[in-house]
Structures are given as structure tokens and as C-alpha cells.
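In our numbering, the protein residues as written are 73 to 165.
Hints should not be assumed to be uniformly reliable.
Said to hold, decoys possible - What follows is a list of derived Cβ distance ranges for each label pair:
hint	residue 1	residue 2	range
1	G116	A155	17 to 27 Å
2	R138	R93	34 to 44 Å
3	E132	P100	39 to 49 Å
4	R137	P100	36 to 46 Å
5	P100	A127	39 to 49 Å
6	A121	E94	24 to 34 Å
7	A99	E132	47 to 57 Å
8	A155	P79	32 to 42 Å
FYI, nobody ran anything at the bench for these hints, they're computed from the structure. Every residue, glycine too, gets a C-beta built ideally from N, C-alpha and C.
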Amino acid sequence: MDEVSDPQVGFLRSDVERFCRELGGLAPALRMRLLEELRGALVGALDEARVEAMAAASDEGWGLRRIGVFCGVSHEQVRRLLAERAEGRPPVS
73 MDEVSDPQVG
83 FLRSDVERFC
93 RELGGLAPAL
103 RMRLLEELRG
113 ALVGALDEAR
123 VEAMAAASDE
133 GWGLRRIGVF
143 CGVSHEQVRR
153 LLAERAEGRP
163 PVS
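Throw the hints in and build the complete structure from the sequences for me.
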């Protein structure tokens with residue numbers, strides 16, 4: 073797997089890897105269901121946190137293009153995500 077620069081991210085990654093290894097003895101259907109549940113939970117939490125970070129950067133005066141560069145998305149996607157947040161809609165990847 074890729075190296076991470078932040079120790080907190082590394083800790084979370086190793087925890088997720090440990091969880092996945094522990095699923096190895098389960099029946100495939102149960103393992104797939106649990107992995108999909110984990111993936112959905114992680115993606116949802118990360119999407120929400122990313123939009124909150126985008127909003128904080130915007131509040132500090134960052135431009136949409138600069139935010140997009142940091143998050144790896146286009147400035148139009150940043151604009152859309154921030155608009156959806158303002159409307160109270162959950163972020164969609």
C-alpha cells in the first residue's frame with residue numbers, strides 16, 4: 073500500500089487493514105457484506121469531512137481553484153459541493 077505522511081492516517085489505515093485481515097476466516101458472503109458496509113461508512117464520513125474542510129477554506133478566503141487543487145477535484149465540483157452543503161444536502165462522491 074502507499075505510504076502516508078501523517079501518523080494519524082497511518083494509524084487508521086493499519087486499523088482498517090487489521091479489521092480486513094480478521095474477516096479472512098468468514099464466509100465470503102458475510103465478508104463481502106461487512107467490507108461493503110465498512111466502505112460505505114468510510115466513504116460517507118470522508119466525503120462529509122472533505123466538504124467541511126472545503127467550506128472552512130472558503131470561509132478563510134481560499135478560491136475554488138485552490139481548494140480543488142488541494143482536494144484533487146475541479147473548481148466546478150468544489151462549487152457544486154459547497155452549494156449542496158449550503159442547501160443541506162449530503163455530499164455525493
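Between E132 and P100, does the beta-carbon spacing fit 39 to 49 Å?
The hint (39 to 49 Å, Cβ to Cβ) holds, given that E132 and P100 are roughly 47 Å apart.
Per the hint of 17 to 27 Å, is the separation of the Cβ atoms of G116 and A155 within bounds?
19 Å, holds
Satisfaction of the hinted span 36 to 46 Å by the C-beta atoms belonging to R137 and P100
45 Å, holds
Does the hinted range 39 to 49 Å hold for P100 and A127 at CB?
Once the Cβ atoms are compared, 40 Å apart, the range 39 to 49 Å for A127 and P100 holds.
Falls inside 32 to 42 Å, the C-beta gap from A155 to P79?
35 Å, holds
Using the beta carbons of R138 and R93, state whether their distance is inside 34 to 44 Å or not.
Taking Cβ atoms as reference, R138 and R93 lie about 39 Å apart, which means the hint holds.
Holds or violated: 24 to 34 Å for the Cβ distance of A121 and E94?
25 Å, holds
Within 47 to 57 Å: is that where the Cβ-Cβ distance between A99 and E132 falls?
49 Å, holds
In summary, this structure violates none of the numbered hints.
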